[in-house]
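Below are the chains, spelled out letter by letter.
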Amino acid sequence: MEIHVLVKQTYDPNTLEPNPKTLEPIYERAQTKLSDFDLNALEEGIRMKENFKGRVVVISAGPDVKPLLIREALAMGADEAYVVSDKRLEHADGWVYANVLASLSRTVGNADLILCGECSVDEGGYQVGPRVAEKLGLPSVTHVIRIHAEQEGLRVERDLEEGREVLDVKLPIVLTVGLEINTPRLPSLLMIRAASKKPINSVPLESLGLDENELRPRVVCASVRALKVERKRVVISGSLDEAAEKLLSELVREGLVRI
Amino acid sequence: MLSGPFRENFVLMPEGTDLLMYTVLVPFAAVFIYGVYLRFRGYGVSNLLRDFVAAPRSRITSLLRYAWLQRKVTLDRASGLMHIPLMYGALVLFIGTALVFIDHDILSFFNEKLLRGPFYLIYEVTLDLFGLLFIIGVSLAILRRVRGLKRLREKNEYYAYLGGLLFIGVSGYLLEALRLHVRPVEWGGYSFVGWTVAGYLDYLPMGPELATGIYQVTWWAHALITFGLVAYLPYSNMLHVFISPLNTMISQIRVSSMTTPFNLAELPPDATELRMGIRTVSDLSWRQRLSLDACTDCGRCDVQCPALAAGTNLSPRMVVQKLKSAVWNYDVGRTENVDFFESGVLTEEEIWACTTCGACVEACPVLIRPLEFIIESRRSIVMGGITDQKITATLTNISRYQNPHGYPQSQREALVRELRELGVRTVEEVDDFEYLYWLGCMSSFDPKAKEIALRMARLMIKAGVKFAIMPVESCTGDPARRMGEEGRYQELALSNIETFKRYGVRKVVTHCPHCFNVIKNEYAELGIELEVVHHSELLAELRSQGKIKPIEGKLTTFHDSCYMSRVNGVTEEPRRALEGVRLVEMRRNRTNSFCCGAGGGNYWYEVRRRRRESHERLEEGLSTGAEVMIVECPFCLAMFEDAARSMGVEGKIEIKDLSEVFE
Ligand code: SF4
Ligand code: SF4
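As you go down the protein sequences, you meet chains Y and H in turn.
Positions 1 to 259 (our numbering) are the ones given, in order, by the first sequence.
Positions 1001 to 1663 (our numbering) are the ones given, in order, by the second sequence.
To be clear, the hints were calculated from the coordinates, so they are not data collected in a lab.
Worth double-checking, as some hints may not be accurate.
One side only, chain H facing chain Y, incomplete, derived with CB under 8 Å [said to hold, decoys possible]:
1. 1382
2. 1386
3. 1402
4. 1455
No more than 35 Å apart at the CA atoms, straight line, and that leaves these computed lysine-lysine pairs for DSBU-like [claimed, not checked]:
5. 1390/H with 49/Y
6. 1390/H with 198/Y
7. 1324/H with 1390/H
8. 1150/H with 1652/H
9. 232/Y with 1448/H
10. 1390/H with 1652/H
Ideal Cβ placement from N, Cα and C applies to all residues, glycine included.
Full structure from sequences and hints, please.
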């Protein structure tokens, strides 16, 4: 089985801090990592490979893809990586990424199964999986939390707000997975170093044959600001009864409590 | 004919008994020899010899101290009282029997006799005396089992063995008595026990024939049971009589010393052939195999183990015993070279429960290091890619944020700002510093531990200590190492070492025992020798110079951290620092201290348990009546504060760091 896993490199939200004046995130100080959901997809792909033989290919695109992070993905057990790293993807949205990743997957060829996270930890757009499927003319199932191999195809469980949906699907297909599906293994430092023997193929953006339109983002981000919560800093004093009385009237005035 | 006292061999036994006995002995001896062969094949005799020749002096000293003088066995008084008579009794009886063999089967060819005259008389007295000791030892051992000493495992094997030993001892005297009863000799009184018993036999209505008959039956029973126990020895835990002394010779004593399987700086960048840790029998070194076989199943490690007390799945004794059986099963061809975790010999859960406190190593009377097997198992789990979520998260935090908590560096910057306000400078800004004050992750990120850093800085400034801090600190790598992620540890350590060298750091002071231990003892292997002091040592020194003074008052108890007390033997300095304070000791103190539960990575992840180590320890602290419990480690501080909160005893006992006693 040939499994392609779409993996995004994102900012680590834990290391994003707002500039105290402008409230804009200070990107230069932030670290990058592989998006959590995509690691779940990768882990699932590797488990399938371990059980049913086959190959796992990491597919990644971004403005500045760090080879070290790709190596971490390979160290987990993927066999090979195809990467488009191009400054022009700086402001790419779900549409652009889907176009690039779909073409990249097609270039590599023969995917029986394409896995990716249901969204990314930085933007959380939930766009790429289904769009890639559209682009490649494949069916897709989103929010998958369980995958069983069946005689023909797969049985997958989706986690929906109202409950669980179980579907029998045929390959090839695109599946997007949630965090509940598994715990991704952590490769040790030595495994990461040893993975430097596995090929990382760098693919130029031009060679994918995408046109102007396909590379033009549909969504333009106007600005990103941290939420600032101002506290009112009201001190209520007096005896317990008085204070409770005052607190209550304060809350009523603010419209937080109705009597 | 001989005159004077001499030993008559095979008296009262029919002609030819000796030949018959040797014939019967052959199969027993064969079974014994085969067992010994199987065991020693695993260690390699040449390995043993080479190891001995490498440092004969220290090997012999160690043998004397721990095998002959039983230094560790006697740390538990009652055990010593049982084991020393048993061991020396058995040994002397064995030598006595060997002398009879030499006398009867070797010297007689040359018409010589050893056991005669005054020597023989001394021989008889000695044997009777040690026979008594032997019986006392065995009886005590049986009594301990019958009375249900909790750490002893119930196994039929043990009862059978002890019963057999008791029979050998008692029947030995019976034989002696019957012999003297039927064939009294002038010098019979020297066999004082047998003689006394023989005296009572005279009152029995028993003719010489009957007595001779009983004698012969007892004689054979005595011989056969002895042969049986000897043959069974290499297959049972009694094997320890040979292997434990050997283990005391090869074992390293330092509680938490770890092996370094590679050096990252010298490793080819894409080395793939590396195996690390233990996952199958063939991963075990000869030392480790020997060490496993030395286990007596005494359970003294279990008694001290905090993880076991907290009701996790871990029992250090069982880790050792299970591995020992796994090796044996493989050696006799019962199993393949199977994966310990897949085949269920070990579970990942038990391996992660260990706090690396070293209490098991400290407790083991025969110098086995259960902790070593646990760490090596962790290494093998890490090599295969860990999938436990919490553990993965901790290690990810270390590699991504350079601290196991996963806090951003900006939190540390806040502490550095406050220290600067006190006038503290970084090693970048000054060069005339004596000490680097290594703050450690806890004080950068934990508000209580931050107070320790600020207070220490104030105390050092007041006492005129010249020190500086790092502009940025990353994890020492210690948690990664104790969790088996050697590669990540070395990566961090190497980068820290480089920074130390760049800033000309020679001396380090730190208030974290874990940072202390790793920088002091383990960085050396990776290329830097530093003088490292713990704040307890520095405070003791400043105190003795009269530069700082403790605030006296409340009744106080002191909790020794594992890594200062057991691992580094620092127990008196904090007490010296506390001189003048009303101090009351807990039952388990100094190297016998009981872990707070945070070590070995357990601060960040959690395995299933019934209760918390910290609760048990805090109860011990409370039971002393102390109103203050002083700790010397920021992790202990956090654990006990937490325990006090959840036990609802915050009003009864205050938890303080050692530095908080000074102003
Ligand atoms: S090191 Fe401590 S926690 Fe670990 S097994 Fe030994 S006694 Fe138990
Ligand atoms: S490891 Fe040591 S302390 Fe533990 S059971 Fe074995 S001999 Fe006893």
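Here is how each hint holds up against the structure:
1. 1382: Status holds, d = 5 Å.
2. 1386: holds (5 Å)
3. 1402: violated (10 Å)
4. 1455: The hint is violated - residue 1455/H has no Cβ within 8 Å of chain Y, the shortest such distance being about 28 Å.
5. 1390/H with 49/Y: Given that 35 Å is the threshold and the Cα spacing comes to 25 Å, the pair holds.
6. 1390/H with 198/Y: holds (29 Å)
7. 1324/H with 1390/H: Judged against 35 Å, a Cα distance of about 30 Å means the pair holds.
8. 1150/H with 1652/H: Measuring from Cα to Cα gives roughly 33 Å; hence the hint holds.
9. 232/Y with 1448/H: holds (28 Å)
10. 1390/H with 1652/H: Satisfied, since the Cα-Cα distance of roughly 33 Å is no more than 35 Å.
The structure shown violates the earlier hints numbered 3 and 4.
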